[in-house]
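Colleague: Below are the chains, spelled out letter by letter.
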Amino acid sequence: MADNGIGASVRRKEDNRFLLGKGNYTDDINVAGQTYAVFVRSPHAHATLDSIDTSAAQAAPGVLAVFTGDDLAADGIGPLICGVTVTSDDGEPHRAPMHPALAQGKVNYVGDHVAVVIAESLAQARDGAELVQVDYGVLPAVTDTATAADGSQQQIHEVAPDNMCFNWPFGDKEAVDAAFDAAHKVSTLDLINNRMVTNPMEPRAALGEYNSGSEEITLHLTTQNPHVHRLVLSAFNQLAPEHKLRVVGPDVGGGFGAKIFVYAEELVVGWACRKVNRPVKWTADRTEAFLADAHGRDHVATAEMAMDENGKFLAMRVNTRANLGAYLSTFGTMVPSYLYAFLLAGQYATPLIYSEVKAVFTNTAPVDASRGAGRPEATFLLERLVDVCAADMGLDPAEIRRRNFIPTDAFPYQTPVVQCYDSGDYHAALEKALSLADYEGFAARAEEARSRGKRRGIGLSSYVEACGIAPSAAVGQLGGGVGLWESAQVRFNPTGNVQVFTGTHSHGQGHETTFAQLVCDQLGVPIENIEVIHGDTAKTQFGMGTYGSRSLAVGGVAIAKACDKLIAKGKKIAAHALEAAEGDIEFADGSFAVAGTDKAMSIGEVAFNAYVPHSYPEGVEPGFDENAFFDPLNFSFPAGTHICEVEVDPDTGVVDIVRYSAVDDFGKLINPMIVEGQVHGGIAHGVGQALLECARYGDDGQLLTASYMDYAMPRADNLPSFDVDYAPTDPPDNPLGVKGCGEAGAIGAPPAVINAIVNALGVKHIDMPATPENVWRAAKSAA
Amino acid sequence: MLSINMTVNGQAVSGEVEERTLLVQFLREQLRLTGTHIGCDTSQCGACVVQVDGNSVKSCTMLAAQADGCEVTTIEGLASNGELHPMQQAFKDNHGLQCGFCTPGMVMSAIDIVKRNGSVVDEATVRKELEGNICRCTGYHNIVKAVQAGAKGMGG
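Chains as they are written, first to last, in my numbering: chain A, 1 to 783; chain B, 1 to 156.
The following block holds chain A by itself, in its conformation from the complex:
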């Protein structure tokens, strides 16, 4: 059984259904009497809604109803909310414009929701949507992150003068400025973190059903967090009382953050199914996903580092403008603030850091968490700046990192930006990565490439991230509206098999396997007798879902705690059955044994006794079914060094990644195969940002990259195979000794790739994405 326990690369339990075409994604679900919703979306980035005429659409064949913002408002539904408060420098909370699920009076980005058409068939709903006549009064659009709040632009929201959402300074400015004044050397870098569209392969979808007998709404959603959806839809959007709303996240085809948030379409579908008293299904097409999924990143920043004569970092100063889009998405304010500035120390013992973040509104899709969320932005800025520092000081990039790393014996380490890192050995990861990448041999490879007319470059990125989100008290202090514990229930059935209910949600991460391994290891039950169940508020007691690489570090611990309770109860039951004292019962490998004897009973027998308690200890409840909540003591801090080697064709600007080496510290690995897969996917996501992907709006606010014809997703031939290894440490705050691995690659990769290109070309900086055109221009300017 240990073969399938902790540390084994068990093949995934969930794979067969996906491979056989038997997955059950939201759009795969069809119910009797189902109707279809199509949204009428604004073709303008910024306009008044002067009139909406739905009469022709209402009369179209098959159309059951057409609803607008007035209908939602009349029923008291909405508006959408942002759940995290950031206090601006004037002491006021961030500016929060009204965010109706269907626009009222005004539209604020292309794709904004104007009306919904419900019809008997999808084609009829589409035809009906074409017939909705809307008069728009077009206004100037604001799209540029850098200038949106400089006073030169059209104001978008009444509540947000100069389009400013918040101006959030953090750190001791005077001390930092003084350190800069006294520094031997100051390195400076201006940089952009390019806007991404998250692009899980399954587009968002919703299927709402209303039971007029029980007055319950069931909402199948592409969600990473069914209970969070239920809570927000109920408590803040007035869709239905929590006990009359069931949210199911069935198989979900990737999330990467984009399916955390509560979107307009989900609320409208949930409301409309009750309104028309028929099931209503909506599935985004890909262009709708581009227009109306929350986007990621989109920062413009200036970073400065003050150094002494040895290249030791004395202080860092960062000025950032972050684009939050037209409205605040569910966690939009948190990303460029707490998830960004609190990671600016990186792996370094920089004693003083001052950050100022101006978050701005524009006429673009709302911006929120996307794989890494704030941490990729911080890491790209810092790891690019460190390479500029190295160049300015004439130091090797590896050497400047060594000189500034937090010492291995300094953990737990309190950074100057709130976070206290749990464990780490940054030197070990760096040296292992240098070896894996054959850093020593690079010069010879570069020389050989040059003989072929190519430019080779090598780039390092030493990242740290905060995940395992999050200690509830810390979340509360920071202005978050929720607790970020996780819950689990582990239930033995009388026949000895086990159902594990987790509040996390798997949308590719393999929880059905990893969590079964945990239980197999702890309780000694064969893995084939363990079923992991998630994604349904009617089945799982509670949960906060999956994001921020939290599922194992938080949810896994909740499962282990529930197992602990089963073992404790099992000892009482076994002691009674074996006629021994409870204190003499030992549990190991699925067996309760009387210490020092051969008297024992299996956990399956104990479970049977608990459900058929004919001879049973007094005062012990029947049943063998325990639940647990776990609130983490700290974030967890995965870290590592990634090294990218590129070959650039200076004549075409084409960048070929010839080698990519990653050494990460994720603590203990439960299923190394799955962890490695997470690393691969993360790296590809990061390479996509570095080389290919960028959401671009025209000056008029039209999204120019609204399909896979225009937005370059990484494909198989853009990427190499990856060399992955680990340098684990043991995080003292996590009972399982685990850290989290889902976002690391997306955080570590972008600066590694860009540092390599910069190294190849001999330039100071190149913005992402480093497309052939950008690289060709940079190569020309360097020559």
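Calculated directly from the structure, the hints in this document are not laboratory data. Hints may contain errors.
List of simulated lysine to aspartate or glutamate pairs, EDC-like, C-alpha gap at most 20 Å [unchecked claim]: (1) 22/A - 29/B; (2) 128/B - 582/A; (3) 145/B - 440/A; (4) 128/B - 656/A; (5) 115/B - 71/B; (6) 13/A - 83/B; (7) 571/A - 582/A; (8) 128/B - 725/A.
Here are the simulated distance ranges between beta carbons [claimed, not checked]: (9) 452/A - 118/B: 24 to 32 Å; (10) 82/B - 452/A: 47 to 55 Å; (11) 602/A - 16/B: 31 to 39 Å; (12) 772/A - 118/B: 29 to 37 Å; (13) 59/A - 53/B: 40 to 48 Å.
Covered stretches of chain A, going by a simulated chain B footprint (3 or more residues, C-beta under 8 Å) [claimed, not checked]: (14) 507-515; (15) 697-711.
Just so we're clear, the structure is a prediction, and the values are computed from it rather than from any experiment. Each residue gets a CB set at the ideal place from its N, CA and C atoms; glycine is no exception.
On the provided structure of chain A, position chain B as indicated by the hints.
Modeller: Just chain B now, kept in the frame of chain A:
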């Protein structure tokens, strides 16, 4: 409306479709073969790949009416007697899937790659041949390994 007939996964099927109905819509909505997925509207992502008369086709690019009289194989038609097809098995063995959404199209494309390139296929060829299938989860590393292993498995 048009009446169409075709063979899908060895079974004769018929249906009434609008002229504009795509093959993928017919498969998913009328035949309830929901293993074939729709991931984009521009024939880029490859989640909808099926075989039509032995050729690999993006079923979002073909009208249902165009498949009238054809033999269609979808992801549901690969396994036999409860045994995974060698390519399906290779994806499982090599962790070539995560969320599973692109997987049916990947497996169908992979089988087509092997048909055209034989059972020994190098990494560069696999990567180039997979350009019509997008995966956001795996970084392709394990998909490439799976295709190579599946090719061997199919070669017997």
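Colleague: So which of those numbered hints doesn't the model satisfy?
Modeller: As far as the earlier hints go, 2, 3, 8, 11 are violated by this structure, in ascending order.
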